[in-house]
Amino acid sequence: MVNPANLADNQASSQPGTVDMMVNMGPQHPATHGVFRMELRVDGEQILDLVPHVGYLHRGSEKLCEHELYSQIITLFDRFDYISNFNNELVIVAAVEKLMGVEAPPRAELIRMIMCEFNRIASHMLFYGTFAIDMGAITPVLYNFRDREKIQALFESVSGARMMHNYFRVGGIKEDVGDDFVARALALCDDLERGIDETDRLLTVNEIFVERTVGIGVISGEDALDWGLSGPVLRASGVPYDVRVDEPYSHYDEMDFGVPVGSAGDCWDRFYLRILEARESISIIRQAIALMEPGDTMAQIRRIARPPAGEVYAHCENPRGDLGVYIVSDGGERPYRLKVRPPSFCNLQALRDLTVGHYIADVVVILGTLDIVLGEVDR
Amino acid sequence: MLNGLKGLGVTLRGALRSKVTAEYPKEHLPIDNRFMGFPALTWDAARDEPYCTGCIVCVRYCPTQCMSAQMQDNPKFAEGVSHRKKIIETFEINLGRCILCGICVDVCNFDAIEMSHEHERSERLRNANRVDLPTLLDMGRQYQAEVGWKQSKPNAASPNERAAAKAAVEATKAEETPENPETQAADDTDIPEKSGGDAA
Ligand code: SF4
Ligand code: SF4
Numbered sequence: 001m002v003n004p005a006n007l008a009d010n011q012a013s014s015q016p017g018t019v020d021m022m023v024n025m026g027p028q029h030p031a032t033h034g035v036f037r038m039e040l041r042v043d044g045e046q047i048l049d050l051v052p053h054v055g056y057l058h059r060g061s062e063k064l065c066e067h068e069l070y071s072q073i074i075t076l077f078d079r080f081d082y083i084s085n086f087n088n089e090l091v092i093v094a095a096v097e098k099l100m101g102v103e104a105p106p107r108a109e110l111i112r113m114i115m116c117e118f119n120r121i122a123s124h125m126l127f128y129g130t131f132a133i134d135m136g137a138i139t140p141v142l143y144n145f146r147d148r149e150k151i152q153a154l155f156e157s158v159s160g161a162r163m164m165h166n167y168f169r170v171g172g173i174k175e176d177v178g179d180d181f182v183a184r185a186l187a188l189c190d191d192l193e194r195g196i197d198e199t200d201r202l203l204t205v206n207e208i209f210v211e212r213t214v215g216i217g218v219i220s221g222e223d224a225l226d227w228g229l230s231g232p233v234l235r236a237s238g239v240p241y242d243v244r245v246d247e248p249y250s251h252y253d254e255m256d257f258g259v260p261v262g263s264a265g266d267c268w269d270r271f272y273l274r275i276l277e278a279r280e281s282i283s284i285i286r287q288a289i290a291l292m293e294p295g296d297t298m299a300q301i302r303r304i305a306r307p308p309a310g311e312v313y314a315h316c317e318n319p320r321g322d323l324g325v326y327i328v329s330d331g332g333e334r335p336y337r338l339k340v341r342p343p344s345f346c347n348l349q350a351l352r353d354l355t356v357g358h359y360i361a362d363v364v365v366i367l368g369t370l371d372i373v374l375g376e377v378d379r
Numbered sequence: 001m002l003n004g005l006k007g008l009g010v011t012l013r014g015a016l017r018s019k020v021t022a023e024y025p026k027e028h029l030p031i032d033n034r035f036m037g038f039p040a041l042t043w044d045a046a047r048d049e050p051y052c053t054g055c056i057v058c059v060r061y062c063p064t065q066c067m068s069a070q071m072q073d074n075p076k077f078a079e080g081v082s083h084r085k086k087i088i089e090t091f092e093i094n095l096g097r098c099i100l101c102g103i104c105v106d107v108c109n110f111d112a113i114e115m116s117h118e119h120e121r122s123e124r125l126r127n128a129n130r131v132d133l134p135t136l137l138d139m140g141r142q143y144q145a146e147v148g149w150k151q152s153k154p155n156a157a158s159p160n161e162r163a164a165a166k167a168a169v170e171a172t173k174a175e176e177t178p179e180n181p182e183t184q185a186a187d188d189t190d191i192p193e194k195s196g197g198d199a200a
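First to last, the sequence lines map onto chains H and E. First residue of the first sequence: 1, per the working numbering; consecutive thereafter. First residue of the second sequence: 1, per the working numbering; consecutive thereafter.
Chain E with its partners taken away, still in its complex shape:
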């Protein structure tokens, strides 16, 4: 009997504690920075295009085979404003099938895919969670803004930037000035051009 009362004491004390639950649709518990929601494609604001080159490495390593992607020649590369020879044309993820494992993020070489914080996608139709490129990019942009996302390595120089850098170097050489102001663009030419490498 006494022991039962001891247990009752525990419940009574519990009644005095502040509440620990949140009423879900009205209140949301905070999400951790590392939280893995659905995968989303990131947006390269500097080049005004997605990071994704459509190399389909992620597609091949996805354990549930829920993604598909197609690449195209990047028109911006032809214009010389982007360093990406190839760019994503269509990308589809069946989020209803995705198991949020994060393998696609692990294997991508281009920072192009991230596990966003998006996790509330309930739909009435079975296939309504097949999302296309614009949706994925929207999710990505939102995520990037939310966490202050930064790419892991700087972009390689685009053809135009290279040409500009080369011209700048030659101009300084011609002037024979000893204190050569090294431009950021000149540094970038050292980075081997990676994008589209897997694709070619």
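Excised from the complex, chain H in its bound form:
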């Protein structure tokens, strides 16, 4: 696909006989994991420039939030990052709770934590699978979907839905978990551990995989901070920033878990870090289950949340990074303004810097390790 305008430009500037080519990638390209379009300027196979185009999935959610009750907004947050729904629900209820000065009962907080960590594993599992597909390895995704399915079955037994849960409430959760939850969750933890090990054996040290990922898309810790990256992408560059540790919410301060940190900041680091993270999540789930005690799951508040006038910013560690929400309230039942800090969107900014100089085939690999979800990028 040669853009005639650019062609003319290039012919004027480049050496006679060579022309840079514009290649359009997406928005229907399967490796973009949604509807994301990149305009590549290539010299042969090499990327000279990359212009990302976002907005194909824009639904105006932030504006929509201004017209919805806080209880209804939770359903919209489910649909931002539709791969880690619980983590998204957590940030909005945490923000409204902070603004109202209420706290969820300990049991509710622990259940939320367990759900979020399971969701983190589910999200990372999807990442291993799709990332492998991006590189031409078809098998891992089947294994990962098999295990992710088990997590979703657990979600179904708790919240009634596999993806769009609407389970967290301002001041607690919708209903207590069933009697068999603890046994099921612990058994699932063992299963997942095996599943993660399997992926690890399948991919991590596979020669082809290593060839394709090591040294590709390197970003230094400093640059990563400058770009405002967060989550695994930032930690792979050696910056040990994790909201769960640095500004603990829920009961994360009582948990004993490590924050894996990479060193090279390349694609392999970003992949392997997520394997390590999923293992940490399993350990968090086990600890949280041990702490669970019978009790209330809902604070005594009005059914329709009506926070006082004021503003609040709350953020949580989403599988993709630091997800924040800023609410301005005028004291009504609906927010006056709501702004989301989407980790995928911020991580996506670095894409151009990461890809320039690499080959076309590496673009999908680099984009894959950023692990974007377009629902959250475009909102």
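I should point out that these hints are in silico values taken from the structure, not numbers from a laboratory. Some clues are possibly wrong.
One-sided excerpt, in silico: chain E residues whose CB lies under 8 Å from chain H [what the hints assert, rightly or not]:
(1) N3
(2) G7
(3) V10
(4) L12
(5) R34
If you're wondering where the values come from, they're calculated on a predicted model, not measured in any experiment. Glycine included, each C-beta is placed from N, C-alpha and C at the ideal position.
Model the placement of chain E with the ligands on the given structure of chain H, informed by the hints.
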């Protein structure tokens, strides 16, 4: 090379495992009890009418505005056989628009709406999933039978039952018997009559 073989070992072992998938239209995976399918209206077998009074609380809280409802005076209340002053007349949910959030179930005060297990409604027409009251009640009845549904609090007494209870109490008083057999109906008179409260 060796590492590649290790991965191959994983796939080989995977080939020996039993299958985990189900061929969808032929086989169905079991549905959990809490599964949230499309909302459905429940049926009060004791009174032989829907629980729904048409108070439109759910209509107001639905985030997608996919429902509409209209209430009417309950003829059974006039006859004295039901405690519901008002009853639903028409109810429509556009299931194609419903996002299965369960908010309507949360806000209903009368146990009248539940998330059923119905989830397979594919239609050829865009508006074919607008379902009316009879369909919703059918879905509800099916769901109630499936999960052994129970209402969260007993029905209030209907005018006839009240009158009967009052008469019974007076009769026992007149007889001056000390061991008074408390009837269920007499208990029920203590429960304040709630139905139609929001509506009035
Ligand atoms: S809130 Fe309950 S009783 Fe009122 S209209 Fe809705 S389903 Fe019927
Ligand atoms: S489940 Fe949600 S979207 Fe569907 S009818 Fe009920 S409130 Fe509306």
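Quiz item: Among all the numbered hints in the text so far, which are the ones the structure does not match?
Solution: Of the numbered hints, just 4 does not hold.
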